[in-house]
Amino acid sequence: MRWWAVLLLLCAGPLAASETIVAGLSQNRVAITAQYDGSEILVYGAVRRDAPLPKGHPLEVIVTVEGPATPLVIRRKERTAGIWVNAAAVTIDAAPSFYAVATTAPLEDILSATEDLRHRITLSNAIRAIGISAEAADSPEFVAALERIRMAEDRYRMSEGSISFVEQTLFRTDVVLPSNLTEGDYRVRLFLTRGGKVIDKQERVINVRKTGIERFLYNTAHDEPLAYGLASLLLAVVAGWAASAGFRLLRR
Amino acid sequence: MQLYLPIAEVSVNVFLLLGIGGVVGFLSGLFGVGGGFLITPLLLFIGVPPGIAVATGANQVVASSISGVLAQLKRKAVDFRMGFVLMAGGLLGSWSGVSVFAWMTQLGQVDLFVQLSYVLFLGLIGAMMFFESARSLLRARRAGSVPVRRSHVHTWVHGLPLKIKFRASGLYISVLPPLAVGALVGFLAGIMGVGGGFILVPAMIYVLGMPTKVVIGTSLFQIIFVTGFTTVVHAVNSHTVDMMLALLLILGGVIGAQIGTQVGLRLKGEQLRILLALLVLAVAVKIAFDLLLRPAELYSIAPLVLP
Numbered sequence: 001m002r003w004w005a006v007l008l009l010l011c012a013g014p015l016a017a018s019e020t021i022v023a024g025l026s027q028n029r030v031a032i033t034a035q036y037d038g039s040e041i042l043v044y045g046a047v048r049r050d051a052p053l054p055k056g057h058p059l060e061v062i063v064t065v066e067g068p069a070t071p072l073v074i075r076r077k078e079r080t081a082g083i084w085v086n087a088a089a090v091t092i093d094a095a096p097s098f099y100a101v102a103t104t105a106p107l108e109d110i111l112s113a114t115e116d117l118r119h120r121i122t123l124s125n126a127i128r129a130i131g132i133s134a135e136a137a138d139s140p141e142f143v144a145a146l147e148r149i150r151m152a153e154d155r156y157r158m159s160e161g162s163i164s165f166v167e168q169t170l171f172r173t174d175v176v177l178p179s180n181l182t183e184g185d186y187r188v189r190l191f192l193t194r195g196g197k198v199i200d201k202q203e204r205v206i207n208v209r210k211t212g213i214e215r216f217l218y219n220t221a222h223d224e225p226l227a228y229g230l231a232s233l234l235l236a237v238v239a240g241w242a243a244s245a246g247f248r249l250l251r252r
Numbered sequence: 001m002q003l004y005l006p007i008a009e010v011s012v013n014v015f016l017l018l019g020i021g022g023v024v025g026f027l028s029g030l031f032g033v034g035g036g037f038l039i040t041p042l043l044l045f046i047g048v049p050p051g052i053a054v055a056t057g058a059n060q061v062v063a064s065s066i067s068g069v070l071a072q073l074k075r076k077a078v079d080f081r082m083g084f085v086l087m088a089g090g091l092l093g094s095w096s097g098v099s100v101f102a103w104m105t106q107l108g109q110v111d112l113f114v115q116l117s118y119v120l121f122l123g124l125i126g127a128m129m130f131f132e133s134a135r136s137l138l139r140a141r142r143a144g145s146v147p148v149r150r151s152h153v154h155t156w157v158h159g160l161p162l163k164i165k166f167r168a169s170g171l172y173i174s175v176l177p178p179l180a181v182g183a184l185v186g187f188l189a190g191i192m193g194v195g196g197g198f199i200l201v202p203a204m205i206y207v208l209g210m211p212t213k214v215v216i217g218t219s220l221f222q223i224i225f226v227t228g229f230t231t232v233v234h235a236v237n238s239h240t241v242d243m244m245l246a247l248l249l250i251l252g253g254v255i256g257a258q259i260g261t262q263v264g265l266r267l268k269g270e271q272l273r274i275l276l277a278l279l280v281l282a283v284a285v286k287i288a289f290d291l292l293l294r295p296a297e298l299y300s301i302a303p304l305v306l307p
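Going down the list, the sequences are from chains A and B. Heads up: the first sequence begins at 1 in the numbering used here, then just goes up one per residue. Heads up: the second sequence begins at 1 in the numbering used here, then just goes up one per residue.
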């Protein structure tokens, strides 16, 4: 009997740690070639547990994919002298260029507000806007506008219930990366929650890089701007002349 | 077929780009305008960032202008002397225009400034051209016969000193008005980020009194240098020329310019002018509406540029 009690104590203490994520990505590298037109990444995994499935709240999974963040200016137009003019502006220190959240159930049911704040899971928490209130009185509206615009562009996505979760053990979801992708490291985070609490998390990185001709043109434009500019000009001159010469031949 | 643009960082349809290049090139060959005032809004519309649209648009205009000039050259419809005088004024003007542009950028109202310049100048010039060419078309129809043939119209311009012979245009006028026209166009080009053909063409016809057929070739000739200069400056200063995008626009553009030139040869001067006037007015009205109507989305996002 004593033996059982010890085991029970061991289980009760680090209960949170007794269920952990084992995760994988179908690819951890995306090459942007000239033909690049979006890609699909499969995020999959399983829950490893030392004890049998505990009773109570069911286990849930949240997956976020986050692109490199950049500083932004959000401007609002106002009517001045009959025309619409950019008036108020708010600076956002770091807004992800891409952000997708996938879950097994509606987010508010499976994640508490404090846990969200701690792990910056929902969109509004992922967008860091430090010290913006000084610039405009209604800065939350600006952040909401950012979310709205980027949602419409399919840069920000919230797909609740899109993770398939079998027997509270195996899960998988597809994350579609858009075709207007920015270069950089994309952070994939996986959270395991129970009763609104995060009990385990894992992080992976997808490396998004231009390759081939894309890489070459981008590097040349930044490293040798004058040569690049002159080359663009030469391209235009040659093309203009070739078309003219070609049409002359055609008409002959 | 989609193509990922390395500098613009967007994926776009290849045939759409060829089509845009073709349409703008066609108009360029037809009217002798560079098409900068068309290509920038079109590229913005398909999701290319503004800076890249302006810079790469300039690069495309170089190609279609060359294609157009070569076609005009065979008809001896390019006044090189006039072109060089305009260009001298243009460089001066564009330098001051770029300075004003930089100042407006600092104030944070450059978009508004550019849009207002578009509405003002396109509207004014479009309306002027439209009424003039409509009047002469009507006059020609009412007379039923050949209107009074004059190689050019005599104005106050012809009384100024420092006269030079512009043989291809059949003009013997002072060098000052072309210099001033060049400077004004260069200034506006610097502000609005366009080649300035739509201002240059009417100015050459109405202020300098050049024959319409010579105007097109000469305007294109001058535009090559203005936009070529712009392309290199943008490439060096802001790395915003997307060569992949330029290549596709150019391919469509040079072919369009050749077809446009051929169509232009079959049209009368008045017809060409009234069509250009309508096009210019349409763009002006569109931009005016954008300013006057409540936009669907009041907010806009721009990358933060550190000073």
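Because the hints were derived from the structure by calculation, they are not lab data. C-beta: ideal position from N, C-alpha, C; glycine also. Wrong hints could be hidden among the right ones.
Said to hold, decoys possible - Listed next, the stretches of chain A that the computed footprint assigns to chain B, with coverage defined by at least 3 CB atoms under 8 Å from CB atoms of chain B:
no., segment
1, 23-29
2, 32-38
3, 49-59
4, 164-170
5, 173-185
6, 202-216
7, 219-232
As the list claims (entries may be wrong) - Each pair of labels, with its calculated beta carbon distance range:
no., chain 1, residue 1, chain 2, residue 2, range
8, B, 282, A, 202, 50 to 60 Å
9, B, 268, A, 31, 34 to 44 Å
10, A, 251, B, 292, 41 to 51 Å
11, A, 31, B, 236, 28 to 38 Å
As the list claims (entries may be wrong) - If you only want the chain B side, here are some residues facing chain A, beta carbon under 10 Å, derived:
no., residue
12, 64
13, 74
14, 96
15, 99
16, 295
Hints, verified against the model:
1. 23-29: violated (count 0)
2. 32-38: holds (count 7)
3. 49-59: violated (count 0)
4. 164-170: violated (count 0)
5. 173-185: Holds: 5 residues of the segment 173-185 of chain A have a Cβ under 8 Å from chain B.
6. 202-216: Result for this restraint: holds, n = 4.
7. 219-232: Contact hint for the segment 219-232 of chain A vs chain B: holds, 9 residues under 8 Å.
8. B/282 / A/202: 50 to 60 Å: Roughly 56 Å apart at Cβ, these two residues keep to the hinted range, so it holds.
9. B/268 / A/31: 34 to 44 Å: 55 Å, violated
10. A/251 / B/292: 41 to 51 Å: Holds, since residue 251 of chain A and residue 292 of chain B (Cβ atoms, about 47 Å apart) stay within the stated range.
11. A/31 / B/236: 28 to 38 Å: Given range 28 to 38 Å: holds, Cβ gap about 29 Å.
12. 64: 7 Å, holds
13. 74: 8 Å, holds
14. 96: 22 Å, violated
15. 99: 21 Å, violated
16. 295: Holds: closest Cβ of chain A sits about 6 Å from residue 295 of chain B, inside 10 Å.
Checked against the numbered hints above, the structure violates hints 1, 3, 4, 9, 14 and 15; every other hint is satisfied.
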